[in-house]
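**Q** Could you build all of it, start to finish, from the sequences and the hints given here?
2 protein chains.
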Amino acid sequence: MNTKPKIAQIEMAHGAGGKASRRLIEGVIVPPLANRTLQTLSDAATLTIEGARIATTADGFVVKPLQFNGGSIGSLAVHGTVNDLAVSGARPVALLATLILEAGLSGEVLEAEMEAMGAAARACGVEIVGGDTKVVEHGMADGMYVSTFGIGAIDERLTLGPQSVRPGDRVLLSGPIGDHGITILLARGELELESDIASDTRAVTPFVQAMTSVAASGIRWMRDPTRGGVATSLNELARDAQTGIVLDEESIPVRDAVRGACEILGLDPLHIANEGQFLAILAPEIAEAALQAVRAVPGGEGAALIGEITTEPVATVITRTRYGGTRVVDMLVGDPLPRIC
Amino acid sequence: MNTKPKIAQIEMAHGAGGKASRRLIEGVIVPPLANRTLQTLSDAATLTIEGARIATTADGFVVKPLQFNGGSIGSLAVHGTVNDLAVSGARPVALLATLILEAGLSGEVLEAEMEAMGAAARACGVEIVGGDTKVVEHGMADGMYVSTFGIGAIDERLTLGPQSVRPGDRVLLSGPIGDHGITILLARGELELESDIASDTRAVTPFVQAMTSVAASGIRWMRDPTRGGVATSLNELARDAQTGIVLDEESIPVRDAVRGACEILGLDPLHIANEGQFLAILAPEIAEAALQAVRAVPGGEGAALIGEITTEPVATVITRTRYGGTRVVDMLVGDPLPRIC
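Those protein sequence lines, which keep their order, are chains G and F. Okay, so the first sequence: first residue is 1 according to our numbering, each after it adds one. Okay, so the second sequence: first residue is 1 according to our numbering, each after it adds one.
Some hints here could point you the wrong way.
[Unchecked claim] Derived pair list, reagent style DSBU-like, types lysine-lysine, alpha-carbon separation capped at 30 Å:
#	chain 1	residue 1	chain 2	residue 2
1	F	Lys6	G	Lys64
2	G	Lys64	F	Lys4
3	G	Lys19	G	Lys4
4	F	Lys4	F	Lys19
5	F	Lys64	G	Lys4
6	F	Lys64	G	Lys6
7	F	Lys64	G	Lys64
[What the hints assert, rightly or not] Here are some of the chain G residues that sit facing chain F, going by a computed Cβ distance under 10 Å:
#	residue
8	Ala8
9	Gly107
10	Tyr145
[What the hints assert, rightly or not] Stretch by stretch, here's where chain G covers chain F in the computed footprint (C-beta under 8 Å, at least three residues):
#	segment
11	22–31
12	100–110
13	113–120
14	127–138
15	143–153
In case anyone wonders, no lab produced these hints; they're calculated from the structure. By construction, the Cβ of each residue, glycine as well, lies at the ideal position given by its N, Cα and C atoms.
**A** This is the structure:
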């Protein structure tokens with residue numbers, strides 16, 4: 001190659017889901033593969049095949065440690081993919097999984113993770129219909145990595161995307177944020193903090209279905225705020241929709257343990273990864289009904305309307321603080337929590 | 001867990017595609033995920049979604065080195081998945097890919113591999129419509145690993161499977177065997193051998209389409225003999241179809257360089273991985289027409305009919321040697337060539 005490479009080398013920040021990830025994906029990974037479907041960079045790609053409209057998605061999982069309070073790589077791999085389909089407006093139908101295993105991985109750990117995948121899939125009502133297994137030498141992986149692929153049937157009642165978002169629309173968040181990221185951080189034992197906090201890893205499908213059944217035509221956009229957190233998902237939306245987003249800080253649900261850990265570590269809960277929450281942008285006239293539908297599903301009691309779409313400032317997310325001031329909420333920069341999923 | 005784990009730990013042989021791989025997959029990986037589609041353990045799973053019949057497949061790629069004579073991990077990841085769809089009787093439509101990148105991987109290598117994936121996909125007429133990128137610390141992967149997921153439209157003219165195979169059917173092989181495996185072995189530089197041999201990595205779609213267009217109703221079964229080679233693919237067929245398979249050793253195409261390397265290393269070319277070949281079981285009345293159709297496609301000149309399906313000995317593959325004797329050809333045991341794909 002005569003041209004200078006666009007990046008010198010891969011850094012951990014390229015995997016964090018924030019600005020560096022976006023530069024890597026938009027600058028290096030997507031252009032050589034260019035096609036119209038890929039250009040949208042959404043969590044799931046829509047295809048028409050043999051007359052059927054289907055959604056597909058792919059996710060890699062490299063979480064460290066493999067097992068943590070509330071879940072493990074096996075359940076996370078199922079939930080992450082099911083959730084990508086759900087927030088794309090698709091009913092999850094089938095998953096496939098590839099495993100990259102390190103020689104020396106204990107059989108007990110592998111069996112536990114396969115049980116976790118199977119149990120999570122059954123709970124979500126999807127089948128794992130295929131996959132592949134590769135083994136690398138000891139020291140060439142960290143126990144096991146999982147890639148999950150999902151296929152779903154598109155719910156034709158929904159028309160989702162940044163282009164559907166309008167000023168005045170409301171922002172729904174399904175529950176407390178940051179539980180997953182802080183749980184992983186504590187599970188690594190690198191901090192002196194202790195807490196009984198658990199990952200929120202779960203399928204969001206029941207909540208999305210409940211909301212869709214009462215208000216399909218008013219749902220504009222959905223996303224599961226994983227790597228990079230709520231702040232990154234909403235900044236991407238504000239940029240893509242060319243709107244502003246104003247959040248009411250008081251209304252954003254954060255558990256005390258998460259808030260405390262974030263204060264000690266100098267992190268913003270809005271940047272912390274979630275694995276069982278979703279954001280929805282809702283037409284104002286259906287926002288309250290949608291909220292009540294989510295709250296009526298067990299596990300959805302913590303849902304809240306946390307803000308609204310504005311015309312200004314374009315491509316920017318701000319919060320109104322409890323003291324009446326405002327601050328700009330940026331995308332995640334750097335990588336405070338590598339290998340969170 | 002109170003029960004003893006089925007395996008103590010993962011060994012390299014579990015990734016070789018032979019007997020140990022089958023024990024791992026059938027003993028540990030599949031049972032907790034059990035469902036009817038997964039039980040068939042075929043290269044691609046068939047789903048009916050929104051009324052359309054589609055084929056899906058997933059493959060992990062951990063080849064070492066990343067780049068080798070004739071190809072690289074990027075082209076291999078596309079071809080491997082396209083070929084799994086093709087031999088399952090499906091027209092490849094779309095791919096998704098997850099990348100697991102090691103911190104420190106050079107930007108130049110990554111850009112070259114993305115270009116290789118894009119070029120291979122365009123040459124195969126498929127689009128890469130989505131994916132995911134994860135980064136792990138330096139030392140936690142070997143440069144990059146790729147998982148590819150493919151979706152295809154099922155060719156309703158074909159009824160493929162071991163249950164379709166009958167005694168008297170012929171065995172077609174698309175070209176010389178072992179090129180990929182021996183190329184990788186030489187690329188590692190661990191041997192004193194030198195050769196200009198190149199990987200056979202390519203899409204088999206044009207050959208399969210040519211054959212289907214002249215003889216769809218007589219094609220019983222297809223497979224791409226990757227890890228474990230022709231011997232492992234045919235042993236699996238003989239076991240699943242409950243037939244014997246008799247090969248004519250003289251008729252099996254093997255390049256001199258591959259034969260020479262195998263003799264020096266004590267390997268059987270029938271156990272060496274291929275990435276651009278396929279096996280087809282054909283009704284005797286269409287076998288010659290199918291062979292001529294494959295040979296008429298550029299790159300198919302080396303195709304040959306190499307044997308036939310027999311009633312006895314059940315679940316066994318034997319070759320008739322050039323000296324009139326016979327020998328049993330077993331599945332691959334152990335792992336002479338780890339991380340071949």
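**Q** Does each hint hold? Answer for all of them.
**A** Hint-by-hint comparison with the structure:
| no. | hint | result |
| --- | --- | --- |
| 1 | Lys6(F) / Lys64(G) | 24 Å, holds |
| 2 | Lys64(G) / Lys4(F) | 25 Å, holds |
| 3 | Lys19(G) / Lys4(G) | 21 Å, holds |
| 4 | Lys4(F) / Lys19(F) | 21 Å, holds |
| 5 | Lys64(F) / Lys4(G) | 25 Å, holds |
| 6 | Lys64(F) / Lys6(G) | 24 Å, holds |
| 7 | Lys64(F) / Lys64(G) | 24 Å, holds |
| 8 | Ala8 | 5 Å, holds |
| 9 | Gly107 | 4 Å, holds |
| 10 | Tyr145 | 6 Å, holds |
| 11 | 22–31 | holds (count 5) |
| 12 | 100–110 | holds (count 10) |
| 13 | 113–120 | holds (count 5) |
| 14 | 127–138 | holds (count 11) |
| 15 | 143–153 | holds (count 5) |
Against the hints set out earlier in the document, no violation occurs for any number.
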